[in-house]
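> So you can see what is in the structure, the chains are spelled out below.
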Amino acid sequence: MTGGRRAALLEVGLLVLLLWLIVYPLVLVLVEGFRGADGWTVDFVRQFLERGNEGQALWGSLWISLATVVLAGAIGIPLAFLFSRYDFPGRRIVGGLVALPAVLPPLVGVLAFLFLYGESGFVSLLIQRLFQLDTPPWRLQGPGAILLVHAYSMYVYFYLFTRAGLASLDASVFEAAASLGAGRWRTLRRVVLPLLMPALTGGALLTFMTALASFSAPYIFGGGFRVMTTQIVATRLNGDDQLAMIETVSLTLIALVALWLLRGTAAFESAAGGRKGVAPALVPVKRPAVRLIVGVLGWGLALLLLLPHLTLLLVSFVPAGTWTTEPLPPAYTWRNYLTLIEDPVRARPLLNSLWLASAATMAAVGIAVAAGVLSVRRRARFGRTIEGLLALPWAVPGTVFAIALATAFSVHAPLAGRFILVGTLWLLPLAYLVRNLPITSRSVLAGFRALDLSLDEAAATLGAGRWRTLRRVTLPLLRPAIVAGASLAFVTAFGDFVTSIMLYTYDTRPISLEILSSLRQSDVGVAAAYGVVLMAISAAVFTLGADRGGTG
Amino acid sequence: MTFLRLEGLTKRFDGTVAVDGLSLAIERGEMLALLGPSGSGKTTTLRLLAGFETPDAGRVWVEDEDVTAVEPVARRFGMVFQHYALFPHLDVGANVAFGLESLRIRGGELDQRVARALALVDLAGFERRRIAQLSGGQQQRVALARALAPEPRVLLLDEPLSNLDPSLRERTRGEIRELIRRVGITTVLVTHEQDEAFDLGDRVAVLQGGRLEQVGSPEDLYATPANPFVAEFVGRSSRIAVTVLGPTERGVRVSLEGVEWELTDGASPQGAVPPQGEALMVVRPEALRLMAPAPGAVAGTVAERRFTGAASLFTVATDGGARLEVTGPPRSVRPGDRVGIMPSRRSGGGIHLFPSGDR
Chain C
1 MTGGRRAALL
11 EVGLLVLLLW
21 LIVYPLVLVL
31 VEGFRGADGW
41 TVDFVRQFLE
51 RGNEGQALWG
61 SLWISLATVV
71 LAGAIGIPLA
81 FLFSRYDFPG
91 RRIVGGLVAL
101 PAVLPPLVGV
111 LAFLFLYGES
121 GFVSLLIQRL
131 FQLDTPPWRL
141 QGPGAILLVH
151 AYSMYVYFYL
161 FTRAGLASLD
171 ASVFEAAASL
181 GAGRWRTLRR
191 VVLPLLMPAL
201 TGGALLTFMT
211 ALASFSAPYI
221 FGGGFRVMTT
231 QIVATRLNGD
241 DQLAMIETVS
251 LTLIALVALW
261 LLRGTAAFES
271 AAGGRKGVAP
281 ALVPVKRPAV
291 RLIVGVLGWG
301 LALLLLLPHL
311 TLLLVSFVPA
321 GTWTTEPLPP
331 AYTWRNYLTL
341 IEDPVRARPL
351 LNSLWLASAA
361 TMAAVGIAVA
371 AGVLSVRRRA
381 RFGRTIEGLL
391 ALPWAVPGTV
401 FAIALATAFS
411 VHAPLAGRFI
421 LVGTLWLLPL
431 AYLVRNLPIT
441 SRSVLAGFRA
451 LDLSLDEAAA
461 TLGAGRWRTL
471 RRVTLPLLRP
481 AIVAGASLAF
491 VTAFGDFVTS
501 IMLYTYDTRP
511 ISLEILSSLR
521 QSDVGVAAAY
531 GVVLMAISAA
541 VFTLGADRGG
551 TG
Chain G
1 MTFLRLEGLT
11 KRFDGTVAVD
21 GLSLAIERGE
31 MLALLGPSGS
41 GKTTTLRLLA
51 GFETPDAGRV
61 WVEDEDVTAV
71 EPVARRFGMV
81 FQHYALFPHL
91 DVGANVAFGL
101 ESLRIRGGEL
111 DQRVARALAL
121 VDLAGFERRR
131 IAQLSGGQQQ
141 RVALARALAP
151 EPRVLLLDEP
161 LSNLDPSLRE
171 RTRGEIRELI
181 RRVGITTVLV
191 THEQDEAFDL
201 GDRVAVLQGG
211 RLEQVGSPED
221 LYATPANPFV
231 AEFVGRSSRI
241 AVTVLGPTER
251 GVRVSLEGVE
261 WELTDGASPQ
271 GAVPPQGEAL
281 MVVRPEALRL
291 MAPAPGAVAG
301 TVAERRFTGA
311 ASLFTVATDG
321 GARLEVTGPP
331 RSVRPGDRVG
341 IMPSRRSGGG
351 IHLFPSGDR
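From first to last, the protein sequence lines are chains C and G.
Quick note on this note's numbering: the first sequence kicks off at 1 and runs consecutively.
Quick note on this note's numbering: the second sequence kicks off at 1 and runs consecutively.
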């Protein structure tokens, strides 16, 4: 049958493509790390082990990530309970605002924190003035600063996972516990928490991996504090390529061990896949005093969460060099935004980021759909392998992939599948694509799984060929899943900093790099304006995805 | 004249045999019901007919065309799926038009044929309705209209009524039967409900473990089951071991649990029942009657009573360890009562003897 042969061809093609894009560069890193001028060597491993700061960086990455999980959980889980279980004025609005840090690309978040809590930041100045201190009350540097940014941007994972987990609980579970005489605490401890475990481990794993891969916060706020991601970039800049490879391998190993430790738990299945039931009714907060307290707390919290976004907005309207020690800027201007539009050199990064992220997202969607057709629909022999490959980049920090791709595609050896892409337009979109694959394919494959297989069969009995079935039946039904996955992928690529900083060229410089260089030139207003644009576009795309994705 | 022929169809999944050498011949315009418990291979058979599965052995013929290897797309068999598989993103009209578009029918003719198909199932004017707005019964009719619109050679129905409210089923059954008769299309349907198979099928094929146990009209299956399985699966019955003592003038004499019965007009020894020796008796509840314990009656204790309206169905645990179901007047005995059982005077074909090795 020709259909079968075509599918087999597609399957092999996809498998080879994924192996070449994802596994091959990682293997090359491993190989290069063990190869010296004359053959195999463990010199670089020895160097790695002997240098004290390597161990510091490894340990730093590890404990920062674990501390982030604890902090993010401590903030995210109670918040999720508050907004899922209790009804009070403004619950819906504040509940939505709580997810806001998610639309803040990492570098923009760091930027906002700098404007807020940095040495000459808004809040720091306010406190200095209030208590008439000679110096700023704190320095936003070192592990404390990193953890602050991490906790702010990553509690959202715990919050969203816990809310999804709570929403999937059936109200009858609570009623059953109550009818069996269990009080509120016993119900929580014996029923609710165990049922939430998959969601909580899922949130913890996601937080750990994100914190481990985090680059922007340690890069900007780290000071002398070392973590692995920044260490790799520094080593690479020093020209110690092979040592960087060994560092890369060690970071990857930590990530894979974390994944392996949690593989038995249900963490991989997001809690959103839970059984459907009647969602538990909200408990209204009735006593006026408590209502007031909860309301004020809720809105205060929202303000606190919004502060970075607002600060960024404020700073973006400040003319260069006018705001020094006043608590509020003395003058405002559109100048910074006009610069972005009028100056072709400065407008370029915006256009770059748009096309790079769009191209990478579209390619990722194409690959995800092909994988869905093969793995879910046709139950291809290597379906599981393909799905595993697609998920792999999720476990590998962005820095690692940047190094891996830069290594693989810096040599011209067509027979070995290696081409010179370093310094060309193509390396950055390729890197974005690889990093987008887990996000899009997760959503698209879940969409495929939710489709009733008999719809395809119905189309076949009605004489529709595979192509017409895909176009008329499968893709329209998958649209919510595709839009959701694509929007998330686009936002990630659009705000990317960690891979961009290692792979960009002048012609492909993305917004994040332009923000960094504006900041270095003390062009704070323009940096903030870029940040606002990045944030606004991300938020718009994100909302689109949530809207369209939600109706499926 | 045979229109659709299944010839030695065999399908294995991971070593287990789902369909085992199944052969069936279906007349043009006939409705054949495939009846069997779950795992009997009836759904696999339907999927082999539709072309979703390829048989490991055997062929499917439509008249003198071998369609075994023809893809579902080209087979021109219409199918109504168990959960209808209507396209939720298309409206009713677009769903019905889907198969017609495959035939390159466009424009006015397309609209006409969609309207005609919808009128056929009593849904004229429903073209622009959304699928989600329809009731379960309406969805089923849309699925029928969609399957019939391209005028397929054969219509396949997968458990057509299982997704409907019990209260709707009987009426819908009548509607489907009447509609298919009117269209005159050769139809194969799958069901695990005997009522449905008997009501819809001109003939019923009873399957078990992937094998054909018996095929025939509902009356044939009931009156002359080929084996204990069919006897038990079609209508209620219970089984008990007997010893055949030999023929009598009017029937046959058997001994069971220490008593002797002469089975007359009703009892029909099947196939290779030995003239003497061990045999299996399968008996319908209405072919037995309850009485006070008496010589010549099988003795037992009433274990269970189920009220079914005009009569009650009693389960009696016999002293010999068998369980027999017997119909009787609603309040005649109560659970725990000691009773005797005799063949009813008009056992009316409700007692069958099989070789004791039979299933």
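Source of the hints: derived by calculation from the structure; they are not laboratory data.
Misleading hints may appear alongside valid ones.
What the hints assert, rightly or not - Between beta-carbon pairs, the in silico distance windows are:
| no. | chain 1 | residue 1 | chain 2 | residue 2 | range |
| --- | --- | --- | --- | --- | --- |
| 1 | C | 479 | G | 74 | 26 to 34 Å |
| 2 | C | 70 | G | 14 | 19 to 27 Å |
| 3 | G | 166 | C | 292 | 18 to 26 Å |
| 4 | G | 170 | C | 479 | 45 to 53 Å |
| 5 | G | 202 | C | 475 | 39 to 47 Å |
| 6 | C | 288 | G | 166 | 47 to 55 Å |
| 7 | G | 112 | C | 414 | 53 to 61 Å |
| 8 | G | 166 | C | 20 | 53 to 61 Å |
| 9 | G | 323 | C | 5 | 55 to 63 Å |
| 10 | G | 170 | C | 189 | 47 to 55 Å |
| 11 | C | 301 | G | 14 | 52 to 60 Å |
| 12 | G | 166 | C | 67 | 54 to 62 Å |
| 13 | G | 168 | C | 479 | 31 to 39 Å |
| 14 | C | 475 | G | 112 | 27 to 35 Å |
In this text, a Cβ means the ideal position worked out from N, Cα and C, and glycines have one as well.
> Decide, hint by hint, whether the structure agrees.
Hints, one by one, checked against the model:
no. : hint                      : result
1   : 479/C x 74/G: 26 to 34 Å  : 29 Å, holds
2   : 70/C x 14/G: 19 to 27 Å   : 47 Å, violated
3   : 166/G x 292/C: 18 to 26 Å : 54 Å, violated
4   : 170/G x 479/C: 45 to 53 Å : 40 Å, violated
5   : 202/G x 475/C: 39 to 47 Å : 42 Å, holds
6   : 288/C x 166/G: 47 to 55 Å : 52 Å, holds
7   : 112/G x 414/C: 53 to 61 Å : 59 Å, holds
8   : 166/G x 20/C: 53 to 61 Å  : 57 Å, holds
9   : 323/G x 5/C: 55 to 63 Å   : 58 Å, holds
10  : 170/G x 189/C: 47 to 55 Å : 51 Å, holds
11  : 301/C x 14/G: 52 to 60 Å  : 56 Å, holds
12  : 166/G x 67/C: 54 to 62 Å  : 60 Å, holds
13  : 168/G x 479/C: 31 to 39 Å : 33 Å, holds
14  : 475/C x 112/G: 27 to 35 Å : 29 Å, holds
Against the hints set out earlier in the document, violations occur for numbers 2, 3 and 4.
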